[in-house]
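Q: Chain residues, written in single-letter form:
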Amino acid sequence: DAKTTQPPSMDCAEGRAANLPCNHSTISGNEYVYWYRQIHSQGPQYIIHGLKNNETNEMASLIITEDRKSSTLILPHATLRDTAVYYCIVRVPITGNQFYFGTGTSLTVIP
Amino acid sequence: DAGVIQSPRHEVTEMGQEVTLRCKPISGHDYLFWYRQTMMRGLELLIYFNNNVPIDDSGMPEDRFSAKMPNASFSTLKIQPSEPRDSAVYFCASSFWGETQYFGPGTRLTVL
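Going down the list, the sequences are from chains A and B. Under the numbering used here, the first residue of the first sequence is numbered 85, with each subsequent residue one higher. Under the numbering used here, the first residue of the second sequence is numbered 134, with each subsequent residue one higher.
The following block holds chain A by itself, in its conformation from the complex (with noise of 0.2 angstroms):
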């Protein structure tokens, strides 16, 4: 599976938009982006996923570049319950293929 980068840690206002960048240059053609995040003590949640269109869902939006390289997940109205560590992850949905969690985006949403 193709490596991600994404920055350590982020602040975000509560009620402003956070929008939390991922580069995974290396992605291969048939390789999706997965975020997860996990709040502190929690297993990780699902959040959303795509292969090259914009997706939204109740939670997130997907933004993923037109050349695949790169993506932001964009939370609208970020509150303090979203404050967690964000992880980019990109994978062939095929079955048995694992998730490679990296470090992640520590983000923390201030009142």
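Simulated from the structure, these hints should not be mistaken for laboratory data. Ideal placement from N, C-alpha and C gives every residue a C-beta, glycine not left out. Please note that the accuracy of each hint is not assured.
[Unchecked claim] Only some residues are given here: those of chain B computed to face chain A with a beta carbon under 10 angstroms:
id	residue
1	Gln139
2	Tyr168
3	Glu177
4	Leu178
5	Phe224
6	Phe236
7	Gly237
Place chain B on chain A using the hints.
A: Frame of chain A; chain B shown alone:
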């Protein structure tokens, strides 16, 4: 669905004792994964099963660790004998057809 269920949530034991962690995957999921998380190594995959069969156990640290999945709704991870360096949070996750993985709340293991 209740999600992935793990028990116990916390376990404190003494070095040399046997530890058994339990996991109930989401109903209908055919893949089950065991992960371990520590500050030093982050989240690492130990073993995963497909249709109750172990597929890849290359992440299991050593022979003291063993995992079983006797049926589609239950799996165990056993450490015998336990050592202080096994202290970590152990997560179980399940997925359908290898797609999005859903994680349990974890078991925090402390070996004294």
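Q: Run through the hints listed earlier and report the numbers of any the structure violates, in increasing order.
A: none
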